[in-house]
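Asker: Going down the list, the sequences are from chains A and B.
So for the first sequence, the working numbering puts the first residue at 1; every next one is plus one.
So for the second sequence, the working numbering puts the first residue at 1; every next one is plus one.
Just so you know, these hints were derived from the structure itself, not from any lab.
There's no promise every hint is true.
Taking lysine-lysine and the DSS-like style, the derived pairs with C-alpha atoms no more than 27 Å apart in a straight line are [claimed, not checked]:
1. Lys-59(B) with Lys-332(A)
2. Lys-163(B) with Lys-452(A)
3. Lys-261(A) with Lys-163(B)
4. Lys-163(B) with Lys-176(A)
5. Lys-59(B) with Lys-111(A)
6. Lys-59(B) with Lys-333(A)
7. Lys-387(A) with Lys-376(A)
8. Lys-432(A) with Lys-163(B)
9. Lys-242(A) with Lys-163(B)
10. Lys-73(B) with Lys-442(A)
11. Lys-138(A) with Lys-404(A)
12. Lys-59(B) with Lys-453(A)
13. Lys-239(A) with Lys-163(B)
14. Lys-111(A) with Lys-376(A)
15. Lys-163(B) with Lys-179(A)
16. Lys-222(A) with Lys-59(B)
17. Lys-77(A) with Lys-59(B)
18. Lys-77(A) with Lys-163(B)
19. Lys-298(B) with Lys-432(A)
20. Lys-330(A) with Lys-59(B)
21. Lys-163(B) with Lys-186(A)
None of these values were measured; they are calculated from a predicted model.
Chain residues, written in single-letter form:
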Amino acid sequence: MKKPTMFLLILLLTLSVTVGVFAGGKQETKPASIEFWTTETQSSRVSTIQTLVDIFQGINPEIKISVVPVDENDMPKQVAASSAAGNLPAVAETGSENSIDFGSSGLLDMKEATKIINSIGKSAFYAGPLSMLESPNKGSYYALPYHGWIQGLWYRSDWFKNAGLNPPNTWESIEKAAKTFYKPDKNQYGILVGTKAENYAEQCFTQIAISNKARIFTSDGKLIFNSPAMKEAVQYYAKLAKYNPPGPQTWRARDYYIQQKMAMFFYSTYIMDDLALADVAASSLTGKNFENLKGASFDSNLVTQTGFAPIITHKQPSSYGVIVALNIFKQKKAADTAAAEKFLKYMYTEDAYVTFLHMAPGGMNPVIKKIAASDKFMNDPKGIFKKYGKKKIQSIIAGLEDIKRFGIVGGKLIPQYGKIFSQKIIPQMIYKITQENADVDKSMSWAEGEMKKIVE
Amino acid sequence: MAVKAPALRGNRMIAKAHALRIEEERFGWKLILPSVIIIGSLIIYPIIYNMYLSLFDVKLQGANIYIGLQNYKNVLSDPSFWHAVLTTFIYVISTTIGTTLIGLGVALVMVKNFPFRGLVRALILLPYIAPVISVVFSWQFFFDPVNGLFMHVTYDMLHLFDKRFNLIGSPQNAVIVAIIFNIWRSFPFSYLMILSRLQSIDSSGYEAAEIDGASSWQKFRYITFPELYFVIGSIVILRVIWNFNKFEDVYLLTDNVKVLSVYTYFKAFTGVMDQGQGAALALIQFLLLIGFILFYVKKVLKW
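Bound-form chain A, shown alone (with noise of 0.2 Å):
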């Protein structure tokens, strides 16, 4: 038997007598059908967290949960047509800025929200995250924080090395390695930033951004987006895109790194165990029917030969990360409500927690403390964190802390942002630049006008 599957049926067995102790003393919750819409599209999460449900409503037998996997380009349009039709998910698993605009836009029940994060307890949850999905309202907040990633330059250590290159810390060690791996005759590109009208192009970008000190908002929320300072990135950006593979890309470009025709491109640590797996790694390589074409089969040093730079320095120090949440939507029967909470309750018990968490290792980082500490969580099934190490990993989790997003102006959330994101308007900018050879003050003008239409 599987291990994984193994391990969830001991977690069943677990919570069954669990449940049978504790079952007497608990309230009986009326019947609900709700529906949990996650991101998780990969088959293998859908089943896993279909796993969970089963869990959950075997414990719970008068809570019907659907699950419905929803691509996460998608969500936004998605929650505008089921809020237009009335008929909102009970929970959705979403990117923070998601969280924040839905929240902004009244659909999130924001109260029953903070009496689950009260009930668990704040000081549980790293500051970071938990600061991210707080509301203007101190104390009040948009969704419950569940897991998240960091984001850096993954880059090949050993070319860099061979080369006599730092690492791609700061504008310029950036730039120059981009170039000089740059070789398309040998079709070898220097660098991967996201070029298509996509989230990937703004998650490149704001790093690049914010670490030029260029902001969208200050923090009493005026809009300051066509500014010397972000102009100079916007042009220090469709520089580096020179160096990418040709034409507009996305994260999926990131497969010409797994086949050694890349230096370095920018990506979550959801790529971890792409990167040390070969049964991972197996989707992104040209496979068996090609086997003479450079890159088809699994570099087992590749893990070793790459390095990870999740800070770039210019004017400032900047790092990227999303924190993923869960979010409760206002639901016509408190009956939904309740069952709503009661499995939101469930997902941060540890054995489900940890379950969720090990469907990627080193994507999905725990942002409640003692689940980041606990053996269990670095005992992944697939043994990816041993390959990096206790320390790596604890050091990435905490990076969770600092991370900077254009939506968190001195501490303070600007809640518009989450509209700008789930409107595209900046990888829109970017593709207009970078693709279509637009003119970049015309452009940065256009996206400033789409985003006063937001913001007014």
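With the hints as your guide, set chain B onto chain A.
Answerer: Structure of chain B alone, referenced to chain A:
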């Protein structure tokens, strides 16, 4: 009394016939009622609701605000709309001409007898019957700038270009690729329609023309083409309708080609999600298409 009897009988028969006609009409209505309900609820209602929505500033949350014809003014004064109209015309005209001509050419070859004709005929239909998503992925893989076979052959082996490029992704090439993709995918339909008509043309006309010494072109011009006129006319109108509204082929292959349907989608569901303008755009697209159909049916098909 004797005089009145036939008149009474006649009146009774008229009344009976009238009752029968009413009964038949009722029966007819009962038969078409399911269709009327389905068409009404799935086509007529959305069109009317779309018209209504186009007069509002649509709020995803809260009440919509009535703004009259402002959405139409905004759409018509937006240069990107006119760019989308131009792209749509280029796309529709090129794909319609391409699919029809290639369909015609292939049908003229396939009507002749040659070994394995049945197998070749079946293979030609493959692009049309294969699911669009699998075909799109094949094309994307084929034209991938780094690992694709197209670049491998044209750049690495034949050295036809001085650098690798992203044929599908690049906004400069994307419309051409979308056109070629649609022609490749849709020509089997034209081929099938034309072939079925070609097979029913009486051979005696050709025999007579041969006796008169007509050339191949003359036989095509004066015998084949008049026989195919209405088939080709129907193919053209169907292809225009389908390609004018084409979304999935274009959007899945490349999101750089903003034909009207893709442009409307971007306007209504991405960016600032302006669904009022999206509704106005959909109606304008509908009116443009209806205008073309009316003109075409009257002038070309002469119905």
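Asker: Run every hint past the structure and note whether it holds.
Answerer: Hints, one by one, checked against the model:
1. For the given pair, Lys-59(B) sits about 21 Å from Lys-332(A) by alpha-carbon distance, which is consistent with the 27 Å threshold.
2. For the hint linking Lys-163(B) to Lys-452(A), the alpha-carbon distance of about 41 Å lies beyond 27 Å, and the restraint is violated.
3. This hinted pair checks out: Lys-261(A) and Lys-163(B) have alpha carbons roughly 16 Å apart, not beyond 27 Å.
4. Taking the CA atoms of Lys-163(B) and Lys-176(A), the gap is near 22 Å; set against the 27 Å cutoff, the hint holds.
5. With a C-alpha separation of about 25 Å, the suggested pairing of Lys-59(B) with Lys-111(A) holds against the 27 Å cut-off.
6. Note on Lys-59(B) and Lys-333(A): the hinted pairing holds, with a Cα-Cα distance of about 25 Å set against a maximum of 27 Å.
7. Distance restraint check for Lys-387(A) and Lys-376(A): the Cα-Cα separation of roughly 16 Å lies within the 27 Å cut-off, and the hinted pair is therefore satisfied.
8. Using a Cα cut-off of 27 Å, the hinted pair Lys-432(A) and Lys-163(B) holds, with the two alpha carbons roughly 22 Å apart.
9. Of the supplied pair hints, the one linking Lys-242(A) and Lys-163(B) holds, its CA atoms being roughly 14 Å apart against a limit of 27 Å.
10. For the suggested pair Lys-73(B) and Lys-442(A), the alpha carbons sit about 23 Å apart, so the restraint of at most 27 Å is met.
11. Among the hinted pairs, Lys-138(A) with Lys-404(A) is consistent with the structure: their alpha-carbon atoms are about 19 Å apart, no more than 27 Å.
12. For a cut-off of 27 Å, the pair hint linking Lys-59(B) to Lys-453(A) stands: about 13 Å separates their Cα positions.
13. Distance hint between Lys-239(A) and Lys-163(B) is fulfilled; the C-alpha atoms sit about 19 Å from each other, no more than 27 Å.
14. At roughly 32 Å between alpha-carbon atoms, Lys-111(A) and Lys-376(A) are farther apart than 27 Å, so this suggested pair is violated.
15. With a C-alpha separation of about 17 Å, the suggested pair Lys-163(B) and Lys-179(A) falls inside the 27 Å cut-off, and the hint holds.
16. With a C-alpha separation of about 23 Å, the suggested pair Lys-222(A) and Lys-59(B) falls inside the 27 Å cut-off, and the hint holds.
17. Distance hint between Lys-77(A) and Lys-59(B) is fulfilled; the C-alpha atoms sit about 13 Å from each other, no more than 27 Å.
18. In summary, the hint linking Lys-77(A) to Lys-163(B) is not supported, as the alpha carbons are separated by about 39 Å, beyond the 27 Å threshold.
19. The suggested pairing of Lys-298(B) with Lys-432(A) is violated, with an alpha-carbon distance near 43 Å, which exceeds 27 Å.
20. This hinted pair checks out: Lys-330(A) and Lys-59(B) have alpha carbons roughly 18 Å apart, not beyond 27 Å.
21. Proposed proximity of Lys-163(B) and Lys-186(A) is supported: the alpha carbons are some 10 Å apart, at most 27 Å.
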